[in-house]
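Going line by line, the protein sequences match chains A and B. So the first sequence is residues 1 to 302, counted in my numbering. So the second sequence is residues 1 to 498, counted in my numbering.
Because the hints were derived from the structure by calculation, they are not lab data. Please read all numbers here as calculations on a predicted model, not as lab measurements. Where hints are given, some of them may not hold.
[As the list claims (entries may be wrong)] Using 20 Å as the maximum straight-line C-alpha spacing, the simulated PhoX-like pairs for lysine-lysine come out as follows:
1) K4(A) with K29(B)
2) K100(B) with K29(B)
3) K28(B) with K297(A)
[As the list claims (entries may be wrong)] Output of the computed footprint for chain A on chain B, the stretches with three or more beta carbons under 8 Å from beta carbons of chain A:
4) 132 to 140
5) 258 to 266
6) 343 to 351
[What the hints assert, rightly or not] Derived, one-sided and incomplete: chain A residues facing chain B with beta-carbon distance under 7 Å:
7) R59
8) M84
9) N96
10) D100
11) A125
12) F249
13) L256
14) T257
15) G261
Glycine included, every Cβ here is placed at the ideal spot set by N, Cα and C.
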Amino acid sequence: MNMKMIKARLAAWWRGEEDLTEELYGSPRPEEAPAVPDTPLPRLHSTFVIAHTELRAFRWLYAVLSAVFCLIIIGTMLYAVTYMPPYGSADTPTINEVFDRYVEQGMAETGAVNTVAGMILDYRAFDTLGESFVLFTATCTVIILMKDDPDLKKKKHPYFVDYRYDPIVHSIGSLLIPVLLVFGAYILFNGHLSPGGGFSGGAVIGSALMLYAMIFGEERATRVISERVIQTVVLCALGFYALSKSYSFFTGANHLTSIIGPGTPGNIFSAGLILPLNVAVGCVVACTMYTFYILFKRGRLS
Amino acid sequence: MIDFIRNFPFFSIILSLCCAVTTFVLPKKPARILSLSLFGVCMALSGATLLRNLYTGEGFVYRMGHFDAPFGNEIAAGLLEPACALLFGTVLFCSVLAGKERLLTDIAPGKERFYYIMADLAHVALLALCYTNDIFTGYVFVEICTLSSAGLLMIRGTGKSLAAATRYMIFSLIGSGLFLLGVIFLYGITGHLLFPQLHETVAEIHAAGTYAVPLLISAALMTGGLAVKSGLFPFHFWMPDTYGTATPSSSGILSGVISKAYIFLLLKVIYRVLGTDVYFATGAQNILYLFGVCGIVIGSLSAIRQTRLSRMVAYSSAAQIGYIYMGIGLGSAAGITASFFQIFAHALTKPLLFLSGAKLRAASGGSDAFRDLRGAAHRDRGAGLAFAVGSLSMIGLPIFAGFIPKLLFALAAMDSYGKAIPTLVVLAVSTILNVIYFLHTVITIYLPVNTQPQLSRRRPDAAFLVGALLLVVINVAIGMHSQPITSLIEQGLSLFAD
Numbered sequence: 001m002n003m004k005m006i007k008a009r010l011a012a013w014w015r016g017e018e019d020l021t022e023e024l025y026g027s028p029r030p031e032e033a034p035a036v037p038d039t040p041l042p043r044l045h046s047t048f049v050i051a052h053t054e055l056r057a058f059r060w061l062y063a064v065l066s067a068v069f070c071l072i073i074i075g076t077m078l079y080a081v082t083y084m085p086p087y088g089s090a091d092t093p094t095i096n097e098v099f100d101r102y103v104e105q106g107m108a109e110t111g112a113v114n115t116v117a118g119m120i121l122d123y124r125a126f127d128t129l130g131e132s133f134v135l136f137t138a139t140c141t142v143i144i145l146m147k148d149d150p151d152l153k154k155k156k157h158p159y160f161v162d163y164r165y166d167p168i169v170h171s172i173g174s175l176l177i178p179v180l181l182v183f184g185a186y187i188l189f190n191g192h193l194s195p196g197g198g199f200s201g202g203a204v205i206g207s208a209l210m211l212y213a214m215i216f217g218e219e220r221a222t223r224v225i226s227e228r229v230i231q232t233v234v235l236c237a238l239g240f241y242a243l244s245k246s247y248s249f250f251t252g253a254n255h256l257t258s259i260i261g262p263g264t265p266g267n268i269f270s271a272g273l274i275l276p277l278n279v280a281v282g283c284v285v286a287c288t289m290y291t292f293y294i295l296f297k298r299g300r301l302s
Numbered sequence: 001m002i003d004f005i006r007n008f009p010f011f012s013i014i015l016s017l018c019c020a021v022t023t024f025v026l027p028k029k030p031a032r033i034l035s036l037s038l039f040g041v042c043m044a045l046s047g048a049t050l051l052r053n054l055y056t057g058e059g060f061v062y063r064m065g066h067f068d069a070p071f072g073n074e075i076a077a078g079l080l081e082p083a084c085a086l087l088f089g090t091v092l093f094c095s096v097l098a099g100k101e102r103l104l105t106d107i108a109p110g111k112e113r114f115y116y117i118m119a120d121l122a123h124v125a126l127l128a129l130c131y132t133n134d135i136f137t138g139y140v141f142v143e144i145c146t147l148s149s150a151g152l153l154m155i156r157g158t159g160k161s162l163a164a165a166t167r168y169m170i171f172s173l174i175g176s177g178l179f180l181l182g183v184i185f186l187y188g189i190t191g192h193l194l195f196p197q198l199h200e201t202v203a204e205i206h207a208a209g210t211y212a213v214p215l216l217i218s219a220a221l222m223t224g225g226l227a228v229k230s231g232l233f234p235f236h237f238w239m240p241d242t243y244g245t246a247t248p249s250s251s252g253i254l255s256g257v258i259s260k261a262y263i264f265l266l267l268k269v270i271y272r273v274l275g276t277d278v279y280f281a282t283g284a285q286n287i288l289y290l291f292g293v294c295g296i297v298i299g300s301l302s303a304i305r306q307t308r309l310s311r312m313v314a315y316s317s318a319a320q321i322g323y324i325y326m327g328i329g330l331g332s333a334a335g336i337t338a339s340f341f342q343i344f345a346h347a348l349t350k351p352l353l354f355l356s357g358a359k360l361r362a363a364s365g366g367s368d369a370f371r372d373l374r375g376a377a378h379r380d381r382g383a384g385l386a387f388a389v390g391s392l393s394m395i396g397l398p399i400f401a402g403f404i405p406k407l408l409f410a411l412a413a414m415d416s417y418g419k420a421i422p423t424l425v426v427l428a429v430s431t432i433l434n435v436i437y438f439l440h441t442v443i444t445i446y447l448p449v450n451t452q453p454q455l456s457r458r459r460p461d462a463a464f465l466v467g468a469l470l471l472v473v474i475n476v477a478i479g480m481h482s483q484p485i486t487s488l489i490e491q492g493l494s495l496f497a498d
């Protein structure tokens with residue numbers, strides 16, 4: 001790293017020419033460039049390819065500064081952790097009346113044998129409603145980012161591995177998919193009785209769908225699970241979650257009696273809304289994972 | 001009826017969630033109408049909540065479900081919560097309405113409805129951040145806010161806007177991460193997530209002196225995280241590219257309300273979680289003061305050096321955010337009142353500048369370099385007038401909203417020991433700098449020359465005029481009748497404290 005470069009760089013910054021993108025792309029590009037035609041990603045990639053000496057010096061500076069910053073953060077965290085109450089001991093502040101209530105009365109109040117399900121889908125259902133909308137937001141953001149023009153032909157990556165013709169992956173995968181689907185459904189439907197629930201069951205089903213798309217090809221997968229199907233499933237799942245839980249929030253807040261009771265703990269049809277909500281969350285998680293995979297791989301959903 | 005209004009904050013949140021999901025399957029025109037009417041309805045709901053609380057003189061907590069406070073979720077509304085929700089809804093409505101022309105050209109066909117989904121989700125997140133009474137709910141909606149604002153930015157799809165959105169995302173995620181770490185530390189030493197219980201336990205811990213280090217670190221992490229997310233100096237470097245390259249509605253939404261929502265959450269943490277005594281005992285406000293003051297000066301200096309309008313307006317955001325943190329840094333109720341007023345004034349002014357700036361640019365052949373903008377206000381009169389009003393409000397001319405916070409900052413500084421002189425000096429310097437760059441721009445656009453004779457006058461755009469007019473009217477109304485707003489903020493802060 002040389003002082004002259006840094007000085008030149010600082011002077012440029014002072015003159016207001018710190019807009020690196022222009023420098024990197026050679027000439028200032030007009031803002032009104034057409035939105036899609038030349039795909040934006042290769043150009044982004046080129047930022048890392050252009051070896052500009054001046055930039056290289058600054059990348060070093062950035063690297064050193066980020067390392068120092070990370071070390072400071074790590075040091076502070078470690079220092080603070082030494083003052084934290086010891087994990088697992090009985091007199092930590094987290095073992096309080098909230099903890100006692102969840103553990104002791106959770107089953108009676110929510111009807112869920114699995115306390116975690118009772119906590120996230122009944123006691124603190126509003127947070128989980130938010131979380132499932134985080135997934136929805138992420139799905140939409142990835143669609144915005146990755147969905148490209150249907151007329152645009154995608155170039156195939158030279159190192160692209162096609163698992164459709166791989167004897168091992170194809171045969172084992174096709175055996176595995178039904179097992180995964182059944183296991184995922186079990187985790188979903190039994191989430192209020194045993195460890196599991198919407199997020200984990202949805203992840204298992206989502207991976208089964210991804211495996212399906214991988215070994216039978218995205219074309220076939222998108223024919224079976226089309227954009228319309230995903231839209232319908234997400235709409236129904238999130239709509240059901242929002243509306244059914246609003247009923248429960250509304251009755252709870254206004255001290256009205258809700259027609260949804262906890263039922264007999266241990267039965268498959270018990271725990272009020274927890275079972276259907278688990279299924280709804282599972283659908284959203286599975287759709288999110290599958291959508292991510294297809295969009296990153298294929299660039300469109302149908 | 002008075003009792004039924006307690007449901008309104010909850011209704012507005014659920015309604016926004018349902019609209020966001022429904023928009024997923026709608027074509028673009030119904031999506032747009034649904035979004036705009038959603039914002040309108042939610043403004044009415046927030047307004048009714050605000051009136052109810054003004055009428056009864058007290059706030060309320062609303063139980064989300066069948067379980068009481070430390071066990072279930074809760075939302076709460078005093079005076080400031082519905083006031084901010086109303087402000088955020090109004091600004092979203094005006095930004096989406098007034099940026100219509102550019103939304104049509106900026107968004108690739110087939111993606112239009114996703115813009116409105118993102119706007120609806122940002123609206124949910126803003127409402128929930130206003131009303132939440134639970135720090136983890138706060139974090140969940142901070143996530144939605146981050147993701148939806150990234151979506152709002154990257155929908156334009158050009159290389160520059162993607163690069164800017166990536167940079168925004170990185171900064172924003174660092175902020176969220178720091179905030180989450182702070183929440184974890186706080187939960188570890190208190191065992192609670194709801195504000196009232198946290199407040200009680202933190203007061204006990206502070207009095208007993210146990211866990212002083214984790215409490216300090218937690219306060220620092222939460223402050224730092226939210227400061228990074230709202231773009232406090234020296235974390236403002238994502239601002240110019242982000243606001244400069246996004247479609248103007250998104251720039252307006254992000255600079256006007258999203259960064260304000262994080263500051264509102266920080267103020268809630270200061271008042272309702274840690275308590276002002278505990279927070280100001282850590283000395284964090286002095287650091288915020290320092291960064292705020294530096295942000296004001298450096299943001300303005302950077303704005304002067306710009307040759308393009310959108311980047312200049314974006315850099316001035318860094319300066320305006322600096323004012324808010326300077327007010328918090330004064331460490332007094334008067335300072336925070338001034339900060340709140342600044343939140344209101346800036347949220348109403350900055351979208352106006354971005355939206356009218358984009359119009360002026362369209363009237364100058366698609367270039368927003370100052371040399372091409374000469375005489376632009378004659379080519380698009382409505383936009384010129386809106387930009388002039390926004391600029392004058394930014395400078396702090398009386399009768400516009402921007403004047404009142406500067407006055408309040410100066411008055412608050414008088415009572416603060418050791419910070420009075422620097423605050424007054426910074427206010428004076430910053431006003432001069434603001435005059436230099438905003439007045440220069442206003443003069444440029446009103447120059448009676450037409451350097452580009454091929455450009456003709458543009459037809460008035462009804463959507464823009466309605467949105468801009470609404471912002472201008474509210475701006476002037478607040479500027480001329482500031483007393484009710486100031487006393488609302490003062491009452492709200494006293495409700496906040498108990």
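Results of checking the hints against the structure:
{"no.": "1", "hint": "K4(A) with K29(B)", "result": "violated (56 Å)"}
{"no.": "2", "hint": "K100(B) with K29(B)", "result": "holds (11 Å)"}
{"no.": "3", "hint": "K28(B) with K297(A)", "result": "violated (26 Å)"}
{"no.": "4", "hint": "132 to 140", "result": "holds (count 4)"}
{"no.": "5", "hint": "258 to 266", "result": "violated (count 0)"}
{"no.": "6", "hint": "343 to 351", "result": "violated (count 0)"}
{"no.": "7", "hint": "R59", "result": "violated (15 Å)"}
{"no.": "8", "hint": "M84", "result": "holds (5 Å)"}
{"no.": "9", "hint": "N96", "result": "holds (4 Å)"}
{"no.": "10", "hint": "D100", "result": "violated (10 Å)"}
{"no.": "11", "hint": "A125", "result": "holds (6 Å)"}
{"no.": "12", "hint": "F249", "result": "holds (5 Å)"}
{"no.": "13", "hint": "L256", "result": "violated (10 Å)"}
{"no.": "14", "hint": "T257", "result": "violated (10 Å)"}
{"no.": "15", "hint": "G261", "result": "violated (11 Å)"}
Checked against the numbered hints above, the structure breaks hints 1, 3, 5, 6, 7, 10, 13, 14, 15 and satisfies the rest.
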